[in-house]
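Number of protein chains: 2
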Amino acid sequence: MFSPLIEDLIRALRCLPGVGPKSAQRMAMYLLEKDRDAAGLLAHSLQQAVERVGRCSRCRTLTEQAVCALCNNTRRDHSLLCVVETPADVLAIEQAGNYHGLYFVLHGHLSPIDGVGPADLGLDLLGERLGEQEEERIAELIIATNPTVEGEATAQFIAERARAKGVKVSRIAHGVPIGGELEYIDGGTLAHAFNSRTAL
Amino acid sequence: MFSPLIEDLIRALRCLPGVGPKSAQRMAMYLLEKDRDAAGLLAHSLQQAVERVGRCSRCRTLTEQAVCALCNNTRRDHSLLCVVETPADVLAIEQAGNYHGLYFVLHGHLSPIDGVGPADLGLDLLGERLGEQEEERIAELIIATNPTVEGEATAQFIAERARAKGVKVSRIAHGVPIGGELEYIDGGTLAHAFNSRTAL
Numbered sequence: 001m002f003s004p005l006i007e008d009l010i011r012a013l014r015c016l017p018g019v020g021p022k023s024a025q026r027m028a029m030y031l032l033e034k035d036r037d038a039a040g041l042l043a044h045s046l047q048q049a050v051e052r053v054g055r056c057s058r059c060r061t062l063t064e065q066a067v068c069a070l071c072n073n074t075r076r077d078h079s080l081l082c083v084v085e086t087p088a089d090v091l092a093i094e095q096a097g098n099y100h101g102l103y104f105v106l107h108g109h110l111s112p113i114d115g116v117g118p119a120d121l122g123l124d125l126l127g128e129r130l131g132e133q134e135e136e137r138i139a140e141l142i143i144a145t146n147p148t149v150e151g152e153a154t155a156q157f158i159a160e161r162a163r164a165k166g167v168k169v170s171r172i173a174h175g176v177p178i179g180g181e182l183e184y185i186d187g188g189t190l191a192h193a194f195n196s197r198t199a200l
Numbered sequence: 001m002f003s004p005l006i007e008d009l010i011r012a013l014r015c016l017p018g019v020g021p022k023s024a025q026r027m028a029m030y031l032l033e034k035d036r037d038a039a040g041l042l043a044h045s046l047q048q049a050v051e052r053v054g055r056c057s058r059c060r061t062l063t064e065q066a067v068c069a070l071c072n073n074t075r076r077d078h079s080l081l082c083v084v085e086t087p088a089d090v091l092a093i094e095q096a097g098n099y100h101g102l103y104f105v106l107h108g109h110l111s112p113i114d115g116v117g118p119a120d121l122g123l124d125l126l127g128e129r130l131g132e133q134e135e136e137r138i139a140e141l142i143i144a145t146n147p148t149v150e151g152e153a154t155a156q157f158i159a160e161r162a163r164a165k166g167v168k169v170s171r172i173a174h175g176v177p178i179g180g181e182l183e184y185i186d187g188g189t190l191a192h193a194f195n196s197r198t199a200l
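For the protein sequence lines, the chains are X and L, in the order given.
Note that the first sequence ends on residue 200 in full-length UniProt numbering; no numbers are left out.
Note that the second sequence ends on residue 200 in full-length UniProt numbering; no numbers are left out.
Since the hints were made in silico from the structure, they are not lab data.
A quick note: this is a predicted structure, and the numbers were derived from the prediction, not measured.
A couple of the hints might just be wrong.
It does not matter which identical chain is used: a pair holds within one copy or between any two.
Derived pair list, reagent style DMTMM-like, types lysine to aspartate or glutamate, alpha-carbon separation capped at 25 Å [to be verified]:
no. : residue 1 : residue 2
1   : K22       : D37
2   : K168      : D114
3   : K165      : E51
4   : K34       : E152
5   : K22       : E134
6   : K168      : E150
7   : K168      : E64
8   : K168      : E7
9   : K168      : E181
10  : K165      : E140
11  : K34       : E132
12  : K165      : D114
13  : K22       : E140
14  : K34       : E64
15  : K168      : E136
16  : K165      : E152
17  : K22       : D124
18  : K34       : D89
19  : K22       : E160
20  : K22       : E132
21  : K34       : D8
22  : K168      : D186
23  : K34       : D124
24  : K34       : E7
25  : K165      : E7
26  : K34       : E136
27  : K168      : E140
28  : K22       : E128
29  : K168      : E33
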């Protein structure tokens, strides 16, 4: 229906998560009709990000710098290291605002079926971090992988390695969300909340 | 929170209609983490479309060709011309599938307050089309601008010019949508449906 270049653009826009054929068409028409400057800027930003964004050499989060701003921040507690699955998890924890240590991003979880092993998650780099002495010594490793089967397996795997190096390991608590109503919580979470109850 | 290039990308993605800060962040993370090839392709498609897509010299729809595929299609009825506000309207009518004439895209409607006059809508080009003789003569001009105040004013303006050139003019019908329930139709549409009733 549309000309080839417009069809290409609509098809390309569908790579975005949550964008189906109708939204992609609406986006293409909007950009071409109303805001070509923004479209040009978006093309440029995408190109730059794809070419230049890599991983922080310390924590593996996405950044175009060799070492990310968080790892370079001397005002943070460098003796705490929190392991998360994705860069978006870093943002979620930062937005909560009460953790002031550093992060380590796995970019996934152990999944032998998909061929994702320890090397893909940078666990050798994490091992080096855990073995560091003096100023950069990690006092506590906080594991914040997702509470899924794979996330738990990954947490266990990392915990064993850390303990072997004599580093204290903890896992963030899982249970009923603050402000949540018991009535609407799923059974698995409730069962976990009972099993992990703490003394008052 | 993110590095400058990633922040730029998130900001640029927000130019897309229907994309807020959270969606933009999710899209940026998805593209950088999971699908850099698609992101590169999207950047390329955007660049190409922004640079090369212009307007058909006959009907003003968006295309990178000098004359669009619809205007070039000899199997369509070149004596019927349908005036619409946007290229998306062309698609909607094509998908309905019972119109086989040509189109003329205004890219908007008359709106003196916003400084949109006849020249911005290509009405001089439309005038030339209506004045054409012999093979390319327009037998009927069907006006399908939106049933808004501006769309109606635009329709009246175009209709007067077409009548002055001796071309038959019609307006698509407005009323209760097929399959719609009277109970849920707004008052303006119902009033119009009564005023425009046809003899049985």
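Evaluation of the provided hints:
For the homomeric pair K22 and D37, the shortest alpha-carbon distances inside one copy (22 Å) and between copies (22 Å) are both at most 25 Å. Proximity of K168 and D114 under a CA criterion of 25 Å is satisfied in neither setting, with 30 Å inside one chain copy and 66 Å between copies. When the C-alpha separation of K165 and E51 is checked against a cutoff of 25 Å, the pair qualifies neither within a copy, at 37 Å, nor between copies, at 57 Å. Taking CA atoms no more than 25 Å apart as the test, K34 paired with E152 passes between copies only; the shortest distance there is 22 Å, against 48 Å inside one copy.
Taking identical chains as interchangeable, the C-alpha atoms of K22 and E134 are never at most 25 Å apart, the minima being 57 Å within one chain and 40 Å between chains. For the homomeric pair K168 and E150, the shortest alpha-carbon distance inside one copy (22 Å) is at most 25 Å, but the shortest distance between copies (70 Å) is not. Proximity of K168 to E64 under the C-alpha cut-off of 25 Å is found in neither arrangement, the shortest distances being 32 Å within a copy and 63 Å between copies. For the identical chains of this complex, K168 and E7 are neighbours neither inside a copy (55 Å) nor across copies (35 Å), given an alpha-carbon limit of 25 Å.
Taking identical chains as interchangeable, the C-alpha atoms of K168 and E181 are never at most 25 Å apart, the minima being 33 Å within one chain and 67 Å between chains. Proximity of K165 and E140 under a CA criterion of 25 Å is satisfied intra-copy only: 12 Å inside one chain copy versus 84 Å between copies. In this assembly of identical chains, the alpha carbons of K34 and E132 never lie at most 25 Å apart, being 55 Å within a copy and 31 Å across copies at closest. Taking CA atoms no more than 25 Å apart as the test, K165 paired with D114 passes in neither setting, with 28 Å inside one copy and 70 Å between copies.
For the identical chains of this complex, K22 and E140 are neighbours neither inside a copy (49 Å) nor across copies (31 Å), given an alpha-carbon limit of 25 Å. For the homomeric pair K34 and E64, the shortest alpha-carbon distance between copies (17 Å) is at most 25 Å, but the shortest distance inside one copy (31 Å) is not. For the homomeric pair K168 and E136, the shortest alpha-carbon distance inside one copy (15 Å) is at most 25 Å, but the shortest distance between copies (84 Å) is not. Proximity of K165 to E152 under the C-alpha cut-off of 25 Å is restricted to the intra-copy arrangement: shortest distance 20 Å within a copy versus 77 Å between copies.
Taking the shortest Cα distances, K22 and D124 never come within 25 Å of each other, neither inside one copy (45 Å) nor across copies (33 Å). Taking the closest pair of Cα atoms, K34 and D89 come within 25 Å of each other only across two copies (15 Å); inside a single copy the shortest separation is 35 Å, beyond that limit. Taking the shortest Cα distances, K22 and E160 never come within 25 Å of each other, neither inside one copy (49 Å) nor across copies (36 Å). Neither within a single protomer nor between protomers do K22 and E132 lie at most 25 Å apart by alpha-carbon distance, with minima of 53 Å and 37 Å respectively.
Both within a single protomer and between protomers do K34 and D8 lie at most 25 Å apart by alpha-carbon distance, with minima of 19 Å and 21 Å respectively. Taking the closest pair of Cα atoms, K168 and D186 never come within 25 Å of each other, the shortest separation being 31 Å inside a single copy and 66 Å across copies. In this assembly of identical chains, K34 and D124 lie within 25 Å of each other by CA distance solely across copies; the values are 22 Å between and 50 Å within a copy. For the identical chains of this complex, K34 and E7 are neighbours both inside a copy (18 Å) and across copies (23 Å), given an alpha-carbon limit of 25 Å.
Neither within a single protomer nor between protomers do K165 and E7 lie at most 25 Å apart by alpha-carbon distance, with minima of 56 Å and 37 Å respectively. For the identical chains of this complex, K34 and E136 are neighbours neither inside a copy (52 Å) nor across copies (32 Å), given an alpha-carbon limit of 25 Å. Proximity of K168 to E140 under the C-alpha cut-off of 25 Å is restricted to the intra-copy arrangement: shortest distance 5 Å within a copy versus 82 Å between copies. Proximity of K22 to E128 under the C-alpha cut-off of 25 Å is found in neither arrangement, the shortest distances being 49 Å within a copy and 34 Å between copies.
Taking CA atoms no more than 25 Å apart as the test, K168 paired with E33 passes in neither setting, with 58 Å inside one copy and 30 Å between copies.
Of the numbered hints listed earlier, those contradicted by the structure are 2, 3, 5, 7, 8, 9, 11, 12, 13, 17, 19, 20, 22, 25, 26, 28, 29.
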